[in-house]
Amino acid sequence: MLCNGVTVVRLQLKYVRGVDISEAEVKEAARRWREHEPRAQEAARRHKVDQLYADFQVEEHLGEAEFDGEGPYDVVTCMFAMHYFYDMESRLRMFLRNVSQNLKPGE
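If you read the sequence shown in full-length UniProt numbering, its first letter stands for residue 1, the second for the next number, and so on.
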């Protein structure tokens, strides 16, 4: 969760969406968000951000099927997981396609 919710504010994010194939990891991310959210909301108000939002979901077929992340998003990150997509070229290509399709067009 970007170390803590305050980091979200420093990056000027208003919405964070967490997606993982592991239900346990999604639950842990949501728990950490709840733990840091009060501090993050306070920091957001100081930075003139009305409200921070976060939601989390389990997606069992990441890299195996098209993923509609209900974007587009400004930023997509993949921490500690990208190496899992290298076992099959088709999985890596699907992962990269999903990232591309869920990002806003560049300028």
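Any given hint might turn out to be false.
As the list claims (entries may be wrong) - Just the calculated beta-carbon pair ranges, DEER-fashion:
hint, residue 1, residue 2, range
1, E64, E42, 21 to 31 Å
2, V58, Q101, 28 to 38 Å
3, S100, P38, 30 to 40 Å
Said to hold, decoys possible - As a list, the in silico DSS-like pairs of lysine-lysine whose alpha-carbon atoms are at most 30 Å apart:
hint, residue 1, residue 2
4, K104, K27
5, K27, K14
6, K48, K14
7, K14, K104
8, K104, K48
The set of hints was computed from the structure by calculation and includes no laboratory data.
Just so you know, even glycine gets a beta-carbon here, dropped at the ideal spot from N, CA and C.
Q | Cβ distance range 21 to 31 Å for E64 and E42, holds or violated | A | violated, 40 Å
Q) So does S100 sit 30 to 40 Å from P38, Cβ to Cβ? A) holds, 35 Å
Q. Does K27 lie within 30 Å of K104 when you go C-alpha to C-alpha?
A. Answer holds: K104 to K27 is near 27 Å, not above 30 Å.
Q.
Please check whether V58 and Q101 have a Cβ separation lying inside 28 to 38 Å.
A. violated, 20 Å
Q. Is K14 close enough to K104, meaning Cα to Cα at most 30 Å?
A. holds, 16 Å
Q) If you draw a straight line from the CA of K48 to the CA of K14, is it 30 Å or shorter? A) holds, 11 Å
Q) Is it true that the CA of K27 sits at most 30 Å from the CA of K14? A) Between K27 and K14 the Cα gap is close to 21 Å, so the pair holds against 30 Å.
Q | Proposed proximity, K48 with K104 (alpha carbon, max 30 Å) | A | OK: K104 and K48 at ~24 Å, within 30 Å.
Checked against the numbered hints listed earlier, the structure breaks hints 1 and 2; every other hint is satisfied.
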